[in-house]
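Colleague: Just so you know, the sequences run in chain order A and B. All the letters of the first sequence, read from the start, carry residue numbers -19 to 223 under this note's numbering. All the letters of the second sequence, read from the start, carry residue numbers -19 to 223 under this note's numbering.
Everything labelled a hint here was simulated from the structure, so no lab data went into it. Keep in mind that a hint or two might mislead.
Put simply, identical chains are the same to the list, so a pair is met inside one copy or across any two.
[Claimed, not checked] Each computed DSS-like pair below joins lysine-lysine, with the alpha-carbon atoms no more than 30 Å apart:
1. K99 - K79
2. K178 - K139
3. K70 - K170
4. K153 - K(-1)
5. K139 - K170
6. K179 - K139
7. K13 - K192
8. K192 - K79
9. K70 - K15
10. K131 - K109
11. K170 - K153
12. K101 - K131
13. K13 - K79
Protein chains: 2
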Amino acid sequence: MDIIPNLSVDCVIFGFDSKNLNVLLVDRTLFDKNKNVVFSDFTLTGNHVLAGEDPDEAAVRILNDLTGLHDIYMEQFHTFGSTERLTREKDQTWINHLKLNIPQHVISVGYYSLIDANKVKIKSHNNRKVRWFPINLLPELAFDHELILRKALEMLRIKLRQEPIGFELLADKFTLTQVQRLYEAILGTKFDARNFRKKLAQMHYVVPLDEKQTSVRHKPAKLYLFSREVYERSRRDRFDFDI
Amino acid sequence: MDIIPNLSVDCVIFGFDSKNLNVLLVDRTLFDKNKNVVFSDFTLTGNHVLAGEDPDEAAVRILNDLTGLHDIYMEQFHTFGSTERLTREKDQTWINHLKLNIPQHVISVGYYSLIDANKVKIKSHNNRKVRWFPINLLPELAFDHELILRKALEMLRIKLRQEPIGFELLADKFTLTQVQRLYEAILGTKFDARNFRKKLAQMHYVVPLDEKQTSVRHKPAKLYLFSREVYERSRRDRFDFDI
DNA sequence: CCAAAAGTGTTTGCAATACACCCATGC
DNA sequence: GCATGGGTGTATTGCAAACACTTTTGG
Chain A
-19 MDIIPNLSVD CVIFGFDSKN LNVLLVDRTL FDKNKNVVFS DFTLTGNHVL AGEDPDEAAV
41 RILNDLTGLH DIYMEQFHTF GSTERLTREK DQTWINHLKL NIPQHVISVG YYSLIDANKV
101 KIKSHNNRKV RWFPINLLPE LAFDHELILR KALEMLRIKL RQEPIGFELL ADKFTLTQVQ
161 RLYEAILGTK FDARNFRKKL AQMHYVVPLD EKQTSVRHKP AKLYLFSREV YERSRRDRFD
221 FDI
Chain B
-19 MDIIPNLSVD CVIFGFDSKN LNVLLVDRTL FDKNKNVVFS DFTLTGNHVL AGEDPDEAAV
41 RILNDLTGLH DIYMEQFHTF GSTERLTREK DQTWINHLKL NIPQHVISVG YYSLIDANKV
101 KIKSHNNRKV RWFPINLLPE LAFDHELILR KALEMLRIKL RQEPIGFELL ADKFTLTQVQ
161 RLYEAILGTK FDARNFRKKL AQMHYVVPLD EKQTSVRHKP AKLYLFSREV YERSRRDRFD
221 FDI
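Please model the entire structure based on the sequences and the hints provided.
Modeller: As structure tokens, then:
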């Protein structure tokens, strides 16, 4: 299949493990002929856009290639086109070593995706190790991937304050404390539990179930689910209202 | 100069004329051999990205080509990659008629720019008429340019609520009422003058001058200017403060 | 019975809203 | 002197923030 040579897609895959916000990264270790490590760092997952392929589809394809997951929340957040993106010495060494057929200048469309980290069980991809990293304990990153990741995080934070996308990072059924930990992890803040719950209580699309946690060694928490239908309805109502 | 064949940049040029928020559009009228009009609509201004050119630079180049202006506020807001972007019959007719060498599938990076409409005096560009249109009186648009424009406006509204970018649309010296009209035009709302001024008064980067309007047939308004220095400082202070 | 997290109300301060009249200028 | 927009203060309401103790379960 033909590719568009100067265009790629990079995916920032965010996952929440009920404690930290994590990013899924792929090991990039380069060995010389004697199997000594020349350098070792990590990359986001990305790929070319195919000829006649919408970059949105490419992003879905790339995410699915790596994780096997479908129907994942994805958001295009920025396009990176600096002419210096791939020109660092280390990056050129890597490209030459693998004989990758990459032009000097590739423009990359950035997407982030939100998944429940517990749903993903990947150990390696194309012989490269795959690992979660908490966003405040990142390893060294290849190319301009640190820039891409920081921008993704910035855009995620903005989006999170405007739309209830956080639930994409949780299991279908969740507790209110999990929601709070999630918001704290993404925004890097602490919230007061009572005030946070008061706010959630006003969001009618967070609907309580007749169900509680089991086998926890403390008072079991009520479970909730996120109703997209109720959310869309309440949003329309709001738009109808103000003029 | 070589181009990247599948990549282009489209610019949504917003201008404010102290009453409406406007977009600068370029006439696209197609004539047949007898000089009858086949169709007539408008386009945003866009162009290919050159080989080895950062799309950010391409956007600056395109804006400058059209308006002759430099140092204009520009913001990349979304990348459009649908495979159907250019496939409407009208658009294909246009492409064939002008013998434009455009592939079937072009991905376009969208930028919006903010300028004081009074600074721009363009009548035509490449033999095509150039006109301002108020955003709530748009003509029919070519390709997917309506989609692009709506997205630009949506992103502008979001940005405007977070950063004081509105001043880019005003002259260096402006009155508080002009600021209010601007915000009303962009956000499509009305504000109470007293409350609006109270809010502006808290923004120390809106600094009063010892100067008033002249030759207006009403009480002359005090003039203000936007200080980026003060804004950046106050922003840093705020970040230092919360943790 | 102890550890661990769930769950719950009230007070306080600040920010957003609503609202009406006088002022300075050009014609 | 009149039409036009400039400019100003106060009272009310709603929302965000601060804050401490009891409850339920498993081990």
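Colleague: What label fits K13 with K192 when the C-alpha limit is 30 Å: within, between, both, or neither?
Modeller: neither (57 Å within a copy, 75 Å between copies)
Colleague: Cα distance capped at 30 Å. Does K179 pair with K139 within a copy, between copies, both, or neither?
Modeller: both (18 Å within a copy, 25 Å between copies)
Colleague: Which holds for K99 with K79 at a C-alpha limit of 30 Å: within a copy, between copies, both or neither?
Modeller: neither (34 Å within a copy, 51 Å between copies)
Colleague: At most 30 Å between alpha carbons: which applies to K178 and K139, within, between, both or neither?
Modeller: both (21 Å within a copy, 28 Å between copies)
Colleague: Using 30 Å as the alpha carbon limit, work out where K13 and K79 are close: within a copy, between copies, both or neither.
Modeller: within (15 Å within a copy, 53 Å between copies)
Colleague: For the identical chains here, do K170 and K153 meet the 30 Å Cα criterion within one copy, between copies, both, or neither?
Modeller: within (23 Å within a copy, 42 Å between copies)
Colleague: Using 30 Å as the alpha carbon limit, work out where K192 and K79 are close: within a copy, between copies, both or neither.
Modeller: neither (55 Å within a copy, 67 Å between copies)
Colleague: Treating 30 Å as the Cα threshold, decide for K70 and K170: within, between, both or neither.
Modeller: Neither: 39 Å inside a chain and 55 Å across chains, both beyond 30 Å.
Colleague: At most 30 Å between C-alpha atoms: does K131 with K109 qualify within a copy, between copies, both, or neither?
Modeller: within (24 Å within a copy, 38 Å between copies)
Colleague: Is it within, between, both, or neither for K101 and K131, if the alpha carbons may be no more than 30 Å apart?
Modeller: Answer is within; shortest intra-copy Cα gap is 26 Å, inter-copy 36 Å.
Colleague: Is the C-alpha distance from K153 to K(-1) at most 30 Å within one copy, between copies, in both cases, or in neither?
Modeller: This pair counts as within: shortest intra-copy Cα distance 16 Å, inter-copy 50 Å.
Colleague: Have a look at K70 and K15 and pick one of within, between, both or neither, based on CA distance no larger than 30 Å.
Modeller: For K70 and K15, the Cα distance is within 30 Å only inside one copy (17 Å; across copies 59 Å).
Hint violations for this structure: numbers 1, 3, 7, 8, all remaining hints satisfied.
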